[in-house]
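Use the sequences and the hints to build the structure in full.
In order, the protein sequence lines correspond to chains A and B.
With our numbering, letter number 174 in the first sequence gets 174, and the count goes up by one each step, no holes.
With our numbering, letter number 506 in the second sequence gets 1506, and the count goes up by one each step, no holes.
None of these hints come from the bench; they were simulated from the model.
Heads up, a few of these hints could be off.
[Unchecked claim] Listed next, the in silico DSS-like pairs over lysine-lysine satisfying Cα-Cα at most 25 Å (straight line): (1) A:LYS335 - B:LYS1485; (2) B:LYS1190 - B:LYS1283; (3) A:LYS331 - B:LYS1084; (4) B:LYS1458 - B:LYS1225; (5) A:LYS512 - B:LYS1458; (6) A:LYS225 - B:LYS1458; (7) B:LYS1084 - B:LYS1148; (8) A:LYS512 - B:LYS1476; (9) B:LYS1335 - A:LYS180; (10) B:LYS1225 - A:LYS335; (11) B:LYS1225 - A:LYS331; (12) B:LYS1512 - A:LYS557; (13) B:LYS1180 - B:LYS1190; (14) A:LYS512 - B:LYS1331; (15) A:LYS225 - B:LYS1331; (16) B:LYS1512 - A:LYS333; (17) A:LYS512 - B:LYS1333; (18) A:LYS225 - B:LYS1333; (19) A:LYS283 - A:LYS190; (20) B:LYS1512 - A:LYS335; (21) A:LYS84 - A:LYS148; (22) B:LYS1458 - B:LYS1512; (23) B:LYS1485 - B:LYS1541; (24) B:LYS1225 - A:LYS333; (25) B:LYS1283 - B:LYS1335.
There are 2 protein chains.
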Amino acid sequence: MPSYQAPVQDVSFLLDDVFQIDRYDNLPGFSDATRDVREAILSEAAKFSEEVLQPLNLSGDQEGCTRHDDGRVTTPKGFKDAFKQLGEGGWLGLAAPSEFGGQDLPSTLARAVGEFMTSANMAFSMYHGLTQGAVAALLVHGSPEQQKTFVPKMLAGEWAGTMNLTEPHCGTDLGLLRTKAVKQADGSYKISGTKIFISGGEQDLTDNIIHLVIARIEGAPAGTKGISLFVVPKVLINADGSLGERNGVSCGSIEHKMGIHGNSTCVLNYDNATGWLVGEENKGLAAMFVMMNEARLGVGLQGLAVSEVAYQNAAAYARERLQGRALTGAKDKDKPADPIIVHPDIRRTLLTIRSFNEAARALALWASLKSDVAHRATDAKERQAADDALGLLTPVIKGVFTDTGFANAVAAQQVFGGHGYIVEHGMEQFVRDARIAMIYEGANGIQALDLVGRKLPKDGGRAVMAFFGEIAAFAKDNGGEEALKPFVTPLSNSLGHLQQATMWLMQNAMAKPDNAGAASTDYMHLFGLVALGYMWGLMAKAAADKVAAGDSSDYLKTKLVTGRFFMERVLPATATHLARIQAGADTVMELPAEAF
Amino acid sequence: MPSYQAPVQDVSFLLDDVFQIDRYDNLPGFSDATRDVREAILSEAAKFSEEVLQPLNLSGDQEGCTRHDDGRVTTPKGFKDAFKQLGEGGWLGLAAPSEFGGQDLPSTLARAVGEFMTSANMAFSMYHGLTQGAVAALLVHGSPEQQKTFVPKMLAGEWAGTMNLTEPHCGTDLGLLRTKAVKQADGSYKISGTKIFISGGEQDLTDNIIHLVIARIEGAPAGTKGISLFVVPKVLINADGSLGERNGVSCGSIEHKMGIHGNSTCVLNYDNATGWLVGEENKGLAAMFVMMNEARLGVGLQGLAVSEVAYQNAAAYARERLQGRALTGAKDKDKPADPIIVHPDIRRTLLTIRSFNEAARALALWASLKSDVAHRATDAKERQAADDALGLLTPVIKGVFTDTGFANAVAAQQVFGGHGYIVEHGMEQFVRDARIAMIYEGANGIQALDLVGRKLPKDGGRAVMAFFGEIAAFAKDNGGEEALKPFVTPLSNSLGHLQQATMWLMQNAMAKPDNAGAASTDYMHLFGLVALGYMWGLMAKAAADKVAAGDSSDYLKTKLVTGRFFMERVLPATATHLARIQAGADTVMELPAEAF
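Written out as structure tokens, the structure reads:
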């Protein structure tokens, strides 16, 4: 049975020392999140994740979800009670407005809590993750009445939320969607069509499910310009707020899939279901993007979260499993063999995972701080700069964290040898669960294209220039310090690769867009490595400062060694990504389709 | 439902044009394998793989194996009949000696056939793959009587074979094994102990199962020097060759595992089972290594085989799935969207997989030719050189083919978007199946250590120097030819990286073995990339020669473009591997075990 311990100390180091979150006291909600409050919340979240959610992870995978003949779906044993505890504990509304029952705390703190819960049980956490995404969309685009009707119940965990985009013939290309909405005399709409891959589309956790659905209003323009967003509750709500009749939406089947078995992935049939427009007619895609951007950060976090729990179990196994002897001679002669952690290749594997996890955690919180600033700062310029950074990094976090998180889950499984392939150890579940994060909320190829095709050129490259400038300034300010040279020198080198790649794209992709497409995935990973390297720079500086001030804790020593490993062993891949980008699209595009 | 078409033309190009197998006519068995014979065998194998084995792959995964209360194990529907056809078709003895019912053909041909069958159904192919491994061990180390008793029935597919090494506390480190053998008055042994992870350990395909088991004879030395190999039939054999009493070996349970569900992975309990020594007392590990080296090449081939079938299905999907428009403007305006193969990132993904597959196929056949020469040539020096090359490349083929084959299965699954995560499309099965190949027959970390720690320094580096010399000579002979420059220049560059890495190991790993351990996985992949690049050099030369001679087939054009993609986009990773190797072991080894 796998185990999990939430990295509370690491989050505190990031919030307290690296990002010095107390500097943001002027933002609404931040002054309430004092160090004591933060630590209390993190330790409660850790407890809930470790003791309630994690024990349901393996059993939830093995039992899976069941659809009954009447269309009801049963989630695994224990999920319903855990969801109840989640709602009652106030976890869903941590960063939500207090007028709807939330706690107004920084979303940065909620993000850290989200990592813990996802590490403990990814399939479970999707139920509330999507609920939070739906809340976010309603808070931005919903009418005051819609907000009042739905949000408090959703934040209390009494009702859940879903996101309905995909149809059988239409995933990435939403312009192809066929689900229809017909306006009724009372202002509502009748929605008909089939949606697939709807996570939590039907379940037995909550009394109601609030579906956010994109559909095409009769007579709307073709393509993405004719898409509107609707809120469609599973059970209609009476004027007094009580639950009324069942709406015309039902679960036709649930998918048999590779992983996340604890989460029901549904085909939802809409048959003249009653829905209400969210936001404006034909502006549904923009409204859905609020939810999608939120969800993309959440999915990126899934990559980190699974990587973290996989690491912890692999490290524990490596310390315990006796097999073979150290290359330099037996370390523990009294035992029949040494623990496999004596082997450099095992350590290389573990440090590869860990040095990603710690930097990714930093980058996730860095991005969440940008989100808080973008939403809460009073200064428009400050909000703009934060929003630029968040928009730029969102596809990077989604794509790089999930690709790397999956690779790390595979690497952690490898530490277990044959035992890693066996269900009961739980390592293979991490791999199967982590796999979906590379696909949903926009497959990673789409993230790469979003980065290269939209985020880079946006506003004349304002966001990317600011980001490069921030890293260059950090390197300039700290390059002279001896303790930081092992960080700053490789970071500057890799930033150079990223700048060369960016320049190459500017010179070669305007006239020939295929050069951007052929470069996109390598560019995204090159970008991600530099961003993670920058986080290591920031963490090393904070750690070195504390060491210089007399802190001699093992935590800081380990932090600095882990960071050096990243700079020596992981970051050098930027050179290969640059070479691939500069190879251009000619060979990639040369063959006719039928040659493949 | 996934589909599969065996790459017969590609194998023929390799055998006929690249390796010019007719040059080996002087080797026993080769002159019988004329071009006509080869093509007949390959096309029959293709038919059997496509029509009999492939249709059982998805259903076999879903049904899995069942252990009954009495210890019997049932394999999935259709497997038994297919195994019967396999035996009757003579497929098991293709390259085996005719005195035991084999056909004496080159093992190179059997290897090509093995790829087809594994692509079609990996879980199924393990039953006969391990049987062939057991035959190989018996042919080298078994007594004439053992050979006569077991081999003909095994080649006929009437009996199967297995390989029993692992115990619960002992996988890589076989010196820890506890299974005991007690010598009896009649020269036989009583074997007692528990073996785990035994593929095909119990099944309903054959009347008997011939287990090859390592155990420790009472009073034998501790560690690997006290290991002996035994043959232990599931059912004892009467003097007249008929089946007698059931032996004391039984299946205690079967594992629930990530993939290869169609293959039964058994816990085997030996309880005073009767066995006979194979080879000499306490020399069991050497005997088992005959089987293991054979099996390692077979497992390497699994990486390629799954990568190939995953590629084919991803390419077909990419040609058919309509979604979005080409970056350069709509390609097919009459349709609602373009097929996704118009996108550079999809092509990049497909070409990454394909350019590996074709080079890996070449390298597998190149190594099999070395094996044939090593076993069949009359000239001792020629045999030695071939054996050197085979030994050197075996860990590379096992480690690199399975790591890359898995990564490719994941990449192919990604082309399907959300549909790739759903069981019915079969792509997620390829990922789950491919995963085990990185683990069994020596986890890939062990392969890397075998390469760096044993194969490199062996005989003063004779094998590696010969291999580098061969590539350098190729580059020298062909570097002047314009058509080959896109191949020779990057190959020489990457060979330079490999030589620098090798030099670095010579200078740094003798005094400090951890430098070898910390470098091993990167070195193995660097080595693999150069070996695959060399194969592209050979293939490009053969293709360019045919083009120059007037062949204008699409096959050759595609081959040359695919090769250029490899040189431009895949091979450059050698630089990063070199940088990682040269980073050394200091940071990797710096932390105490408890810091992980």
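Results of checking the hints against the structure:
Restraint check for LYS335 (chain A) and LYS1485 (chain B): not satisfied, since their Cα atoms lie roughly 57 Å apart, outside the 25 Å limit. The straight-line distance between the Cα atoms of LYS1190 (chain B) and LYS1283 (chain B) is roughly 18 Å, inside the 25 Å bound, and the hint therefore holds. With a C-alpha separation of about 52 Å, the suggested pairing of LYS331 (chain A) with LYS1084 (chain B) is violated against the 25 Å cut-off. Under the criterion of a C-alpha separation no larger than 25 Å, the hint pairing LYS1458 (chain B) with LYS1225 (chain B) is consistent with the structure, at around 20 Å.
With a C-alpha separation of about 52 Å, the suggested pair LYS512 (chain A) and LYS1458 (chain B) falls outside the 25 Å cut-off, and the hint is violated. The straight-line distance between the Cα atoms of LYS225 (chain A) and LYS1458 (chain B) is roughly 68 Å, outside the 25 Å bound, and the hint therefore fails. In summary, the hint linking LYS1084 (chain B) to LYS1148 (chain B) is supported, as the alpha carbons are separated by about 21 Å, within the 25 Å threshold. Annotation: proposed proximity of LYS512 (chain A) to LYS1476 (chain B) is violated, straight-line Cα distance about 36 Å (limit 25 Å).
Only pairs whose Cα atoms come within 25 Å are accepted, and LYS1335 (chain B) paired with LYS180 (chain A) is accepted, the gap being roughly 21 Å. Taken as a hint, the LYS1225 (chain B) and LYS335 (chain A) pair is honoured in the structure, with Cα atoms around 18 Å apart against an allowance of 25 Å. The suggested pairing of LYS1225 (chain B) with LYS331 (chain A) holds, with an alpha-carbon distance near 21 Å, which does not exceed 25 Å. Distance check on the hinted pair: LYS1512 (chain B) and LYS557 (chain A) sit about 24 Å apart at the alpha-carbon level, within 25 Å; holds.
For the hint pairing LYS1180 (chain B) with LYS1190 (chain B), the CA-to-CA distance comes to about 8 Å; that is within 25 Å, so the pair holds. Of the pairs offered as hints, the one joining LYS512 (chain A) and LYS1331 (chain B) holds, with about 15 Å between alpha carbons and a cut-off of 25 Å not exceeded. Of the supplied pair hints, the one linking LYS225 (chain A) and LYS1331 (chain B) holds, its CA atoms being roughly 21 Å apart against a limit of 25 Å. Between LYS1512 (chain B) and LYS333 (chain A) the alpha-carbon distance is near 20 Å, which keeps this suggested pair within the 25 Å criterion.
In summary, the hint linking LYS512 (chain A) to LYS1333 (chain B) is supported, as the alpha carbons are separated by about 20 Å, within the 25 Å threshold. Between LYS225 (chain A) and LYS1333 (chain B) the alpha-carbon distance is near 18 Å, which keeps this suggested pair within the 25 Å criterion. Taking the CA atoms of LYS283 (chain A) and LYS190 (chain A), the gap is near 18 Å; set against the 25 Å cutoff, the hint holds. Our distance criterion of 25 Å between C-alpha atoms is met by LYS1512 (chain B) and LYS335 (chain A), whose separation comes to about 24 Å.
Under the criterion of a C-alpha separation no larger than 25 Å, the hint pairing LYS84 (chain A) with LYS148 (chain A) is consistent with the structure, at around 21 Å. The hinted pair formed by LYS1458 (chain B) and LYS1512 (chain B) meets the criterion: a straight-line CA distance of about 18 Å does not exceed 25 Å. For the hint linking LYS1485 (chain B) to LYS1541 (chain B), the alpha-carbon distance of about 10 Å falls within 25 Å, and the restraint holds. Distance restraint check for LYS1225 (chain B) and LYS333 (chain A): the Cα-Cα separation of roughly 18 Å lies within the 25 Å cut-off, and the hinted pair is therefore satisfied.
Proximity of LYS1283 (chain B) to LYS1335 (chain B) is assessed by CA-CA distance (about 68 Å); at most 25 Å being required, the pair is judged violated.
Checked against the numbered hints given earlier, the structure breaks hints 1, 3, 5, 6, 8 and 25 and satisfies all the rest.
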